[in-house]
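Chains A and B are the protein sequences, given in the same order.
Using this note's numbering, read the first sequence as starting at 1 and increasing by one per residue.
Using this note's numbering, read the second sequence as starting at 1 and increasing by one per residue.
One thing to keep in mind: the hints can contain errors.
Calculated pairs, DSSO-like style, for lysine-lysine (alpha carbon to alpha carbon, straight line, at most 30 Å) [stated by the list, open to error]:
hint, chain 1, residue 1, chain 2, residue 2
1, B, Lys403, A, Lys115
2, A, Lys974, B, Lys314
3, A, Lys983, B, Lys409
4, B, Lys403, A, Lys781
5, B, Lys235, B, Lys282
Covered, in the sense of this in silico footprint (three residues per stretch, anywhere, with C-beta under 8 Å from a C-beta of chain B), are these stretches of chain A [stated by the list, open to error]:
hint, stretch
6, 416-429
7, 973-987
Don't read these hints as lab results, they were simulated from the structure.
Since the model is a prediction, treat every value here as computed from it, not as a measurement.
Cβ coordinates follow ideal geometry from the N, Cα and C atoms, glycine included.
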Amino acid sequence: MLFYSMKNTEKQYWKGTEQLTNDPDFVKFNEGEFPEYLPVNSNSSSSSEKSGSSRRDFLKLMGFSLSAASLAACEAPVRKAIPYLHKPVDLDVGIPNYYASTYSNGGNYCSIVVKTRDGRPIKIEGNKLSKVSGGGTTAQVEASVLSLYDTQRLRGAQVEGKTADWAQVDDLVKQQLQSISAAGGKIAIVSKSILSPSTKEVLKQFAEVYSGTQVITYDPVSAYGIVKANQDVFGVKALPSYYFNKADVIVSFSCDFLGTWINPVKFSADFAKTRKLGPSKKQMSRLYQFEANLSLTGANADYRIPVRPSKEGILVVALYNELATSLGAPTLQVSKINDEALQGYVSAAAKDLLKSRGKSLVVSGSNDSDVQIVINAINYLLDSYGNTIDLGAEAYFRQGDDAEMETFISELNTGKIDAVIFYNCNPVYDHPMGAIIASGIEKAKLSVSTSECKDETASLVTLIAPDHNYLESWSDSMPVKGHFSMAQPAISPLFKTRQAQNSFLTWAGIEKEYYELIQEYWKENLFNTQNEISDFQFFWDKCLHDGIYEVDNTAVTEVNLTWNPTSIASSISAKYTTDNSATELVIYEKVGVGDGSQANNPWLQELPDPISKACWDNYVTVSQRWANENGLKMFESNTYKVRLKIGDTEMLVPALVQPGQAEGTIGLALGYGRTDAGKVGNGVGVSAYPFLKKQADQRVLFLTGGVSIEPTRESAKIAQTQTHHTFMNRGYVIQESVLGEYQKDPMAGRYTPYIETSPALAKKLGSESTKLPPGAISMWKGHEYPNHHWAMAIDLNSCTGCGACVVSCQAENNVPVVGRQEVLNRREMHWLRIDRYYSSASSASTLKELEVAAENPEVIFQPMLCQQCNNAPCETVCPVAATTHSTEGLNQMTYNRCIGTRYCANNCPYKVRRFNWFKYHDNEKFPDNSSMNSDLGKMVLNPDVTVRSRGVMEKCTFCVQRIQLGKLEARKDKRPVRDGEIKTACASACPTEAIVFGDIKDPESQVAQLLRFEDKGDYQQVKEERAYHVLEYLNVKPNVWYFTKIRNKAELNA
Amino acid sequence: MSTTAMITKGFYSTAYFIVLSLLFSASVYGQDASSIPTDEGIISQGRTLYNNNCAVCHAIERQLVGPALKNVHERQSVEWLKAFIINSQRVIQSGDQYAVNLYNQYNRTEMPAFDFSDDEVMSILAYIKDESAKEPVQAAASDTGDGSQAQAQTGTAISSGYITVILMALLIVLVLILIVLAVLISVLTKYIKQKTDLDEADEELVSQKVDFGKLVRSPGFVWFASFIFTAIVLKAVIDGLFSIGIQEGYAPAQPIAFSHKLHAGQYEIECQYCHTGVLKGKSANIPSANICMNCHSAIVKVGDSDQPSAEIQKIYDAIENNKPIEWIRVHNLPDLSYFNHAQHVAVGEIECQTCHGPIEEMEIVKQHSNLTMGWCIDCHRQTDVNSMGNAYYDKLVELHESKGKGPMKVADIGGLECAKCHY
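Bound conformation, chain B alone:
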C-alpha cells in the first residue's frame, strides 16, 4: 500500500513539475519555435527518422527510457535541441544546467549521438511539434475500449459465479429435504411401533433393519462401485495422457533475466523491433545479440545503481566470448505441425497477445496458451479471415458471399484441413 502511495505521489509531483516547467518554458521559447517547419513532406520525413531512431527510447505522450517529447520545442531553444540531439554528451559536458539535470533525472542514461544534418533535426522537430498539437484521441479511445472489454469480462465472471451459488443453494435445499424426509420416516416408524395391533406387512416394515454388510456384498452394489471406480480411474488416465506434452504455464528461468514487462510494457518497444522474422516467415526469431546492442550499447545501468547491470553484462560477455546466448525455448510446437508467423501476423494481422497472452505484463515469459490442436482449431473456427484489401481472397470472398453464410471464417476456406499444418 505504501509503495503505491509513494509512486502515486511521485507521479503527481513529476506531473506538477512538468506542467509548471511547460508553462514557463512556453512563454520563454515560444517565438523561437516558429522556425520549425510545418510542411507535410518534411513532417513525414521526420516521422520516418523519428520512428527509426528515436521511438525506441522516446514517446510523445509518455516517458519511456527518455522523457516524453510532447511540446519539446517549448522547453528549450531550437538551437539547444539541435545540439543535444546531435551530441547530448557534449551539451552535458559543457555544463548546461538543464542538460545535466535531465541526465541525472534519467538515471544518467546516455542518449547516443546522431549524425543528423540540420534539416533532418528540423524535420524530426517538425514531426514532434505536429504530433504534440494532436489531441491524444486514439489513446483515450483505446483506453475506453480496453475498459469496456474488462467490464464485459467481469460480467461473465459474475454470471458464472451466480450459477455456482445457485447450484450450491439447490444442493443445500435438497440435502435439507433429505434430512426432513429421514426424520419423518423415523417419527412415523416410531409411531407405528407404539401401536400394538400391527398387521404382517406393517410388522415387517417396523422390524426391518438395514444390513449394510449384505448391501455392500450385493452384486448390484459391487457392480455399481466397480463401475464408478473404473470410470474415475479411466478419466484420470485419459486426462493424464492428454496432458502429456502440454506445457501451458511453462515459465523456465532464462539465462538472462530479460523482462518483457520492462521492454514491451513500460518502454512500449514494438514486438517486431526484436522479433524481426515475425512478418517475414515461419519463425519470429529470438533476437540476436546485436539487436540487444542497438540500445544496450548506451543503456548499461538499471535504476539508480551506479554499477553496470549484471544481467546486461551477460550480453557483453556473450559478444566478447563469442558465445551465443542459450535461451530456453518456451513455446515448443511438435515437429509434426507446421506453423508460420507471417501467415498469422502479416496476413491475418493477429495481435501477438492473442496467442502469447499479456506478454507486456510478464516479468518471465510464460506459455500462455496450451498450443494443442484443439486450441488451434477453435481459433480457426472463430476467426474471420482478414480478407480486406487482399486480392488473394477475392475469389473466395465472392464465393462465400454468394452463399451468404455470415462472415468468412478461417475454417470456411480450408483452415481445418490436415495438410495446412501437417506435411
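Same shape as in the complex, but just chain A:
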C-alpha cells in the first residue's frame, strides 16, 4: 500500500488552463502517450481523410518488399575514402578541434568555444574563461552554428539583384564614393551596436578617406534611455555593469534581465549565484518584479506584481519617494498610486531595499530616460554604485542612439543622404520606421548592404557585398571596458563572401587586410597594458588561444548625481497615469527568436517559448479575464484570432491566454513577420516593430492608447507544447517551499512517500518502524555499477528556464526539427524539454475560479529528460531488448534493434521518449528540418551520433558519446576520469550551473558533493535534504535528482 503524505496536497500545479479545469480534451490526451487518432500516413494539415490500411498501402508494401529484395541481391554500393592531398598539421579526421571565438550579433555577445569536426563547426560551447559572459550560452548562441549553414546565405556579391564579381562591385562603390565625397555629399554607414574596437578603427579610417561619412548606430531593442540617463546625471555615455551576484534584494521594473535584457547569460549566472542554497549557505536573494507580460524574470521572481505599463513611471517614483522619505532626500511630486495592494508591494520592496543598502539593486527595462534617471537616483540613494553597479566598467552592448537614427531616416527620405551602407543590419525590418527607410533607399545615389542574406533591407539596395558568417571571420570585441575578446575563423569561407571590414578597407583604398589591422590595434592598445609577456606574437597567440584578454579595472565608487527632480517629476506626470482604462500593448523580445535576425533558424523557431510554451508563431497574449469576458476559450492549441487595431494598422492575430498577464494589457513579441528571412522564417507571425512608439527621443516598448482588440470567430491553432507529455495525474512532481521554512527545516516542502508493511516484514528488513521507504521492498534486483555511475543534479532554484540546454541538446544529438504542423500533432522530438508549471491555491471548475487562479500564478521550471532509471520501466517492456541497462547506470537505447512497438514510451512515467513517426532527414516534406535536408545543412550534424530513421524510439542518452570519448581520453592517458571532464551538452550550456553532471561513484565529483552521496552498495543514500526524485513513490530509482525550489517570500500562494 502506498500512502501519500497529506502535506502539500491542496496546492495545484498546472501546465495550462486545460489541466487546471480538467478539460475533456486534456484528459483524453493525458491518458495515453500517443494521440492515436492523428494521421500517420500524411503530415499535411489537410489530412482529415480516413486513415488505416488500404489496398494501395498493400501494393506499396509489396512494391517495397520487391525492391528491397532486388536491392539485397545487388552488390553493396562502392564507397570512397578520399584523404587530403596535404593534411593540415593540427587536423585529424574524427578528432574534434576547439577554437575560442566570440559570438556577437549586434550588441548580443557571448564568448564561446567552437567545436569543429573535420573542419566544420558543429557545436558552440561557452568560454569558461570569460568574465563577461560567464561560461554559459543562450539558446540564440547555441543555434547560431546552424545559421552558418543556412541555404539562404548569399553565394557572392550582387549588383542590382544579379550575381557579380567582387571587382565590379568594388569599382562601382569606389567610383560613387569618390564622386560623392568630392562633391561634399553625405555618406551614412548604418549599423547595429559595434562591439569590435578594431572595426571602429576601420570605419574611422574609412571616414578619413571619405569626408562626410557618418556612422549611425541603432539597436532593434534599444537601451538608449539608460545611456541617455547616465549621460544626463553622471556624464557617462554608456551602460554600467550590473552585478546581480552582489545583490541581496533586486527590484526590477519590466526588465527581463534573465531572458533578453542586455547580457542575459551573465546576469542569469550572477543571479543564480545568489539563489544557491546548501548546508553552508542558508541565505538567498529576493527579487521583486513589476511587469505586464509574464517574462522569464517575472517567472523567477519571488514577488511578481502585474502592472500596466502606463503606471510604470508613477510606480518607480513611488519607490523613490518611499526611500527618499526614509533617507531624508527630497521627494518627487507625482500622483499617488490609487491601489492599496500595489502600494503595499512598493512599500515592502522599499523596506527590503533599505535593509540591505549597498547590497541591493534596482533595474528597469524601460527605454524612457526619465524613468531611468529616477532608477539612477534610487540606486544612488541605496549606495548601489560601486557595489552592485559599476559605472567605471562601462558596457557597450547597446550603443544605439535613437535620436541620431531618426535624423538619419528623415534625411534619407528627403534625399539628403547620397550614399548609404547598411553594415550587417536590417532596419527595414527591425526599425519601427522600416517602411520609410524602404522608400528612402532609392533616393540615395549609392546603397550597399553587407548582410549575409538577402534580407528585407538587402533586397532593396543596389549592391550587396555579403559579409562572412561570424564563424568564418576574424574580429575582436570589447563588450565591457577593459574586457576584450577575440573572434577567429573556425572554417574557411563557404561561399564567395568577403569580410565586411575588408570591404570597407578596399573601398577606402587602404591596402591592408583587416587581420593585420586587428593585430596592429592589439599591439598598440593592449600589448602595453600587461607586462607578463614581452613578445607580441606570444601575447597574440595566448589571447587567441584563450579567446579573451581582460584588464580588471577598479570599481568607480565615487559618483555624483546631478539632476533636476522637479522637471523629471513633471515629465513623468505628463507621460504616466494611474487610471488608464484603455487596452495597453506591451511589446517584448522572446528568448528564442529574439530580435528576429535569426528568424530563419529552425532550432530557434521550434524552441518552445519558456513561458507560453508556444513555438512557430507570434500571438497576442491576453489575460484569462479578458478571455472570459470575450468568450474565448483556449484548449489544446485551439484558439481564435483577434482583430488587433493599432493606430491605422489592423490585423488578425491568434490570441493566447496567458496566466499572469496584467489586467487591461496584451502582449506581442518582436522577431516575427519576416518577409525575406528564408523559407523557414518567412511568414511566421506578424511583426511588432512598427508599433514601437516614439516617446521623446526614445522608442518605448509599450502603447498605452490607440490599441483595440476584439474577438473574432475565426479559429486558429498555436503550436503549444505545454500539455504534451504530462505525468498522467501523478503528483509530487514539483516540490517547493519558502526560505523561512527551509531555514527551519531543510526538508521543507519535501514529500517523503513510504510503504506500510507488517511488523514481521519490517523486522525482517531490519527496521523498527513499519513505514519503509519505497525502495525497501522491490521486485527489482538492482544493478551493480563497478566503475562509474553517471548521475545528474538539477537545482530548480537555479534553473531560470532559459532554454539554452534544449538547443544545445538539439545540436549535440542531431535532434530533428519537425515543423509547426507536427508540433500541433504532439510529435516534437526534443529530448530535453523544460516543463513550466503554474501553481495556484486550488483547482478551478468555473471560469471565475480559473480567472482567480490565472491572475498571477507562481511559475516553476523543471528540465525534464530521460531520468536514466535504475529500475527502468521501459527496459522491462521492450520485447526486443532494444533498451537495456548499462554497468554505468545508463538506460541505453539501441536504434538498430528497435522495432517501434512504443511500449517503452507508454510505460515511461516521465514521458521522455520520442518516437520517429517519419523519416525526418532527406525528406522534402520536412523542409524546416534544414540541418538534415540539404548537403549544406548536414554539415552541422554531429558525426558521432546516429541520425535516426523512421519507426524507432529515441531519447536522452546522457550524451553517451561524450562519456565514451571522456573515458577513452582517460584510458589513453592511463588515468582515472577527472570530474568535469565529461559534461553533457545541457550541463555545459547552462549559464547558471543548474544542471550538474558527473560520476557519483567518485566521492570528489561535484555531483556527489552536491548530493552528499554515500554509496552503500545497492542502497544509495543521498544526504542532501533538498534532493528528491520526481515520482519517487514509483521506486524507479532515477539517476536524476532535483533540488527543491525555495522561494524567498513569506508564504507560497497555497
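Could you slot chain B onto chain A? The hints should help.
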C-alpha cells in the same frame, strides 16, 4: 620452381658478397671506428634521429629500400659515411667507386640529403654501432614464436581432417551394412519362395511388392518431403539475408595499385607511419598524399626500370592537378555502429593484423574479417583487458580479482553493452 631457385641463388651470392666485404672492410676501417662515441645519451639521441629519418628506408639486420646497416662503420671510413649521409648525391657524383656501385646496386634510388650536424651524424652511427653489437635475439625469438604458432595451427587442421575421414569411413561402413542387409533379405525371401507350404503371413510377405507411387502419395511422405523442402529453402533464405552487407573478402581494385606487401611486408614500414590517426582517434586515416611524398619525392622508379613508375606518377599527378586520390573504401562499417581505432590500438594494444589479417602479405587489400556484430562480440568475450599499468582500470581490476573469475575479459567490464558502440 626455377624463380625460387634463382632468388635463393641470388640471396646466397649477395650474402656471400656481403660477408666477404664485411671481412675485408673490418680489417681496413676497424681502427677509424673507434672515434664513434659509445655514450648512452648520444646513442639514445641517435635512436630518435634514426627512427625519424632513416628507419623508413633502412633496417639494421635486413635490407629494405636501402642496404642493411649492420656494422656499417666497418665498411667505409667515418668521414666517408658522414659525407654520404649528409649528401649522398655529391659523393656519387664525385665518382667514388663504392658509392657509385651502391647507387647502381639499389636501383639508382636516391637517398635524400639530410641537414645533420657532425654530432648528429655521429650519434646516428653510435646508435647503429650499438645495435649492430647486439645479438639478433628478439628476431630469432619472434621467429620461433611464429613457427610454433604455425605448427599449432597445422595440428588443429590435421585433427579436424581426421574427424572428416572418420566420419566418411563410418558412412561407408554403414552403407556396406545396408547393402549386406538388403542382400540378406532378398536371399531369405527367395529361400522362402522356394518352399511350397507357406502359411498366410509368409505368403503375404513373399508376394509383397513395394508400390513406390503409393508411397510417394502417402500423406506422411508428402508431409515429410515438404517439411524438408521448406526447411532447406528457409535456411537458404536466412543465410542469404544474413550475408547481406557482409563484404568479407572484398578486395576492390584501387586507383593506385598500392601494395601493402611491398611497403608493410618487404620494407617493414610501420603501419602508423602512414595511418597516422590510429593511436589518436576514431579513424586510422587513409594517408594524405603528402605522406606518400615523404618517400616518393625520392623514390620514383620501381625495379630495374629506368622509367618513372606509372603508379607512383599518379601521386604526382594528384598533387599537380590538386585532385585528391579517390581510394575505394574496403572496410565499410555501418553508420549505426561506432568504432574507435585508438581504443583498440592505443589502449588495448591490439595488433592491426588481428582484425585486418596478414596485411603485410596483401598485394591488394582485402577485407579479412566479416565485421559482423557476432565477430565483434566474440572478440570482446575472448580478449583480456589490457589493464597493466593503466590506472583507469585499477578499480575494475580490483573488483574483478575480488570475485576471482580468471582473467578480466572485455565482456566483464561492459564490453557487450549496446551503448558502447550504438548511439
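Going through the hints against the structure:
At most 30 Å may separate the alpha-carbon atoms for a hinted pair to count; B/Lys403 and A/Lys115 exceed this at roughly 43 Å. For the hint linking A/Lys974 to B/Lys314, the alpha-carbon distance of about 42 Å lies beyond 30 Å, and the restraint is violated. With a CA separation close to 28 Å, the supplied pair A/Lys983 and B/Lys409 stays within the 30 Å bound. Simply put, B/Lys403 and A/Lys781 have alpha-carbon atoms about 19 Å apart, close enough for the 30 Å limit, and the pair holds.
A distance of roughly 37 Å separates the Cα atoms of B/Lys235 and B/Lys282; the hinted pair therefore is violated under the 30 Å criterion. Counting residues of the stretch 416-429 of chain A whose CB lies closer than 8 Å to any CB of chain B gives 0, which falls below the minimum of 3, so the coverage claim is violated. Remark: the stretch 973-987 of chain A is confirmed as covered by chain B, as 4 of its residues place a Cβ nearer than 8 Å to a Cβ of that chain, reaching the required three.
Checked against the numbered hints above, the structure violates hints 1, 2, 5 and 6; every other hint is satisfied.
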